[in-house]
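If you read the protein sequences in the order shown, they are chains A and B.
Per this note's numbering, residue 3 is the first one in the first sequence, and the count goes up by one each step.
Per this note's numbering, residue 39 is the first one in the second sequence, and the count goes up by one each step.
Think of the hints as simulated: they come from the structure by calculation, not from any bench.
These figures come from a predicted structure and were not determined experimentally.
There's no promise every hint is true.
Away from chain B, derived, C-beta distances all over 12 Å, residues of chain A [as the list claims (entries may be wrong)]: (1) 134; (2) 266; (3) 457; (4) 468; (5) 545.
Computed list of lysine-lysine pairs in DSSO-like fashion (alpha-carbon distance at most 30 Å, straight line) [claimed, not checked]: (6) 539/A with 576/A; (7) 181/A with 119/A; (8) 453/A with 576/A; (9) 539/A with 455/B; (10) 477/A with 410/B; (11) 570/A with 455/B; (12) 455/B with 419/A; (13) 455/B with 119/A.
We treat Cβ as the ideally placed atom computed from N, Cα and C, and that holds for glycine.
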Amino acid sequence: MSEQVGTITWISGPVVRARGSRHVGMLELVEVGDERLVGEVIGLKGDQMTVQVYEETSGMQTGAPIYGTGLPLSVELGPGLIQSIYDGVQRPLPLIEEAVGSFITRGARFDSINREKKWKFTPKVKVGDEVKGGAVLGVVMETDTFEHRIMLNPDDSGSISWIAPVGEYTVDEPIAKIKTGKEEKTATMLQRWPVRRARPFVSRRGANIPLITGQRILDTFFPVAKGGAAGIPGPFGSGKTVTQHSIAKWADAEVIVYIGCGERGNEMTEVLQEFPHLIDPRTGNPLMERTVLIANTSNMPVAAREASIYTGITIAEYYRDMGYHVALMADSTSRWAEALREVSGRLEEMPAEEGYPAYLAGRLAEFYERAGYVDTLNGAQGSVSIVGAVSPPGGDFSEPVTQHTKRFIRCFWALDKSLASARHFPAINWLDSYSEYLEDVGAWWREKTGKDWLAMRNRAMELLSDEARLSQIVKLVGPDALPYTERMVLETTRLIREGILQQNATEAVDAYSSVEKQIRLLELVLYFHERGMAIVKRGAPINLIHDLPVVDTIIRAKSSVTNEEMHKFDDIQKQIDQQMGQLDAEYRS
Amino acid sequence: MSEVTVQGGQEVVGVGRIEGPILVVEGGTNVRYDEVVEIQDSRGQIRRGRVLEVGEGFAVVQAFAGSTGLSIDGTRIRFLGSALHIPVAEEMLGRIFDGLGTPIDGGPEPLTDTYRDVNGQPINPTARIYPRDYIQTGISTIDGVNTLLRGQKLPLFSGAGLPHDQLAAQIVRQATLGKVAGAPPSESEEFAIVFAAMGVKNDVADYFRRSFTESGALTRVAMFLNLADDPPVERIVTPRAALTLAEYLAYDLEKHVLVVLTDMTNYGEALRQISNVRGEVPSRKGYPGYLYSDLASMYERTGRIRTSKGSITQIPILTMPNDDITHPMPDLTGYITEGQIVLGRELYFAGVYPPVAVLPSLSRLMKDGIGKNRTRDDHPRWGAQLYAAYARTQDVRALASVIGEEELSEVDQKYLKFGRAFEREFVNQSFTENRTIERTLEIGWKLLSILPKKELTRVTLDEIAQYYRGDDAAN
Ligand SMILES: Nc1ncnc2c1ncn2[C@@H]1O[C@H](COP(=O)(O)OP(=O)(O)OP(=O)(O)O)[C@@H](O)[C@H]1O
Ligand SMILES: [Mg+2]
């Protein structure tokens, strides 16, 4: 079906120029060279086209042909996406391994979605129904518990002239016929969608439900809303990947899309080997059964790295359109930006900052804009939340990718090298981070826990910023110079830091904190503070507070009290009452 | 993997332009991107090169040995039709090669018909086995708090004049498959060693050769040497040639291979030089924008795959220009490797060997290779506790320098004492000292016992009951 549209005239890394621009369109998918490597037209000028090639070009010759396909770079959407692992242009990595072994060779072509597998389809419309784009035609169970809603392509509409009865079908078999005027179209369970085009929806809604991640510093202190966007910048080894893995494991989303974009092979293998054995606390199923992985590691072709972000977000939008909450992790958006830079450099485009092309900011904006909480075309509500890692050179946040990202996200989790080297994890600096969703999600917390989360959270933040100020003084004159009331602040903030903010992702109990546990911990620490403050104000020396056995108990509660043992916090509160009560009595009068 | 025998190809006489190591060759037809060329100068001497860019009727070629002595008219270029391949064979262990894989020890060419593309191919993430087996190096700062696993890439970040070569040699000499603490040492499974030198002085290469000889390892080592006075451009190939052999040994012959690459900073400079000659848009400090991907294409050639029992573990060595860890070479390396061991000048001046700056050092895979049934149950928390305590020591030292040691609180004084002991007893060990994992754990607990129990919030109460040996009576 594809015909020769050009002849290669120039090759430099992933960028190829060819003569013959007449028969291709901008952003058209093409096949390059005799091996028919996948490429995309990224420039047309005079008789010349410029193509970025998604596979290694080593050994390619000038004079070799380029074939057109007439289609833009697209992903295949349909049942079977979940539990898959793809490269940046949606090639299924397990099939590549089966066919060519442990090393990825180029030119391997496979369907992204299995054509043989039969799915049990249950129709949701009947003949005569008027349907619009996005309408749910029927459903299949993609896993034991996950309902995949088969939707009419957003660009189509009409009346149902035939619908398949309940039965087993492959994704290629017709499941409905739709009549529009004189035309009749056949729908299957498989859809293609151009990755660079956002899927349509009816309207955006405000983002006021938090994406609960079970990570205390995120949920309690810097929450991201469902449909929101967060950035997590940090130097190497500060915890971007561990944090994103934690979110992928524990976030209360129904679908996770995890994009390993120019990062390590072992990290993807870790997810692949770990997720099938981890149980989703909400469904009781293995975590893998809600996860789609895109792995375009740092040593895989750089142009496919550029595409991987779009492949991932399009899959995320597809599940959103079914009415699900989807969380997308991209690790690392900096490597994606570097892929843009590399291609741009080969094209000898005029660089803007640090060699990045001038359109870097625009591309970042387009990506983060695809996050959102929406009313879908079929009347459901769904969301895509984005968490993007940023890897600034030298850990310096003033560089272009971090700076531009900040413009398009509303939640900033700033990782800090010195916290990481002291093994304070997650090494998210509480003074440099922010969330603009605080007010928006306050109501949700009140409803869910019956407590004034925002007031407590703000009180804790106030103490932490006091601590920062007091620490400056301590550095100059030592702690003894501070009055007891100020040292009480330092006692409490130690509890906040070690007992709440620090969270060990590798420890079974600590890895995930329920919302109830989070707020109860916070409440206890603040209660400790109020009582302690009252006592030192009466003149009790601070070391009496410092030496209370309950201090240690509170610090250890995060890992000694499981999410199911909430009553144990009442015991801890009693211990505070008892031990503080004694001191209180001594220093009354 | 592709295997080819190199044969003759088209030949072009004369080049259009020569700029540094870069030649622009006009007149070839349908040249292949990345293919190898033979460049013959007017006296018939042959050197090799590689195609960096092809256009209609021209090709940009990089001469590995540089362009000295080449003339516009008198140079002949023969295009060999495929990317650079080197022979690979088990008998290459015990041998010495130049930076392009040609023997320089006077011995014959390796007898084999297996040739491999030096660029390698990416390992499919689905084909990998996640590393879990730790390597006991006998060095506390590694085994204890930055454990190295088989299949990990863990660089040494060092500075000019620091003893990174000694440390690397000690690791290579002492490395054995780790055991659960207390288990009797079993026969050590020996590593095959692939050593690549890029732009280092002859004495460095000599030092390693002597060290391999003394430990009786020489027959298990293949050395690829591109020394300081060898052509810089060749350095681009040297680590790739070494890794190509390593992959063959690990994945075809199922050996455990330890790869030492030194000094990656010189590699980076060679890459920068070529990029600058070609007039590419630089990113930071003149390095090309693709430095990250280029480094990754080597560092990622580490690991284990499901179809082989073998493994590749990489220990690249980098000297940080001006001891600056944010310099693009260490920075981008750190973003790719699975942690880093950082050497510090202060400790070195204080006479500590190995001068491992513990705080900025990290092994990311450590968590998966230690703990119950691997080393000992308390190991992960013990490690976090040592880190936390040592980090606190730094703050206390800063405070002490302002208000004086005597003014410090009792607890802070104990931190000072802990910090000193940590550096002298835990970090410091001799070049020949090979500590068992239980010995390392024991030293750590001894040091933690300097601190009051209440400070030890990273370890469990049970662990304190079992291992704490301090005289702190408080709760
Ligand atoms: N929440 C956590 N709990 C325990 N350990 C953590 C946590 N976060 C980070 N770490 C530790 O920090 C190490 C580095 O984290 P990670 O790999 O996520 O860094 P990164 O920011 O992704 O680095 P890079 O940019 O190089 O990929 C981990 O291997 C782990 O040891
Ligand atoms: Mg990471």
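Each hint tested on the structure:
{"no.": "1", "hint": "134", "result": "holds (39 Å)"}
{"no.": "2", "hint": "266", "result": "violated (7 Å)"}
{"no.": "3", "hint": "457", "result": "holds (28 Å)"}
{"no.": "4", "hint": "468", "result": "holds (18 Å)"}
{"no.": "5", "hint": "545", "result": "violated (9 Å)"}
{"no.": "6", "hint": "539/A with 576/A", "result": "holds (22 Å)"}
{"no.": "7", "hint": "181/A with 119/A", "result": "holds (28 Å)"}
{"no.": "8", "hint": "453/A with 576/A", "result": "holds (20 Å)"}
{"no.": "9", "hint": "539/A with 455/B", "result": "violated (34 Å)"}
{"no.": "10", "hint": "477/A with 410/B", "result": "violated (40 Å)"}
{"no.": "11", "hint": "570/A with 455/B", "result": "violated (37 Å)"}
{"no.": "12", "hint": "455/B with 419/A", "result": "holds (25 Å)"}
{"no.": "13", "hint": "455/B with 119/A", "result": "violated (67 Å)"}
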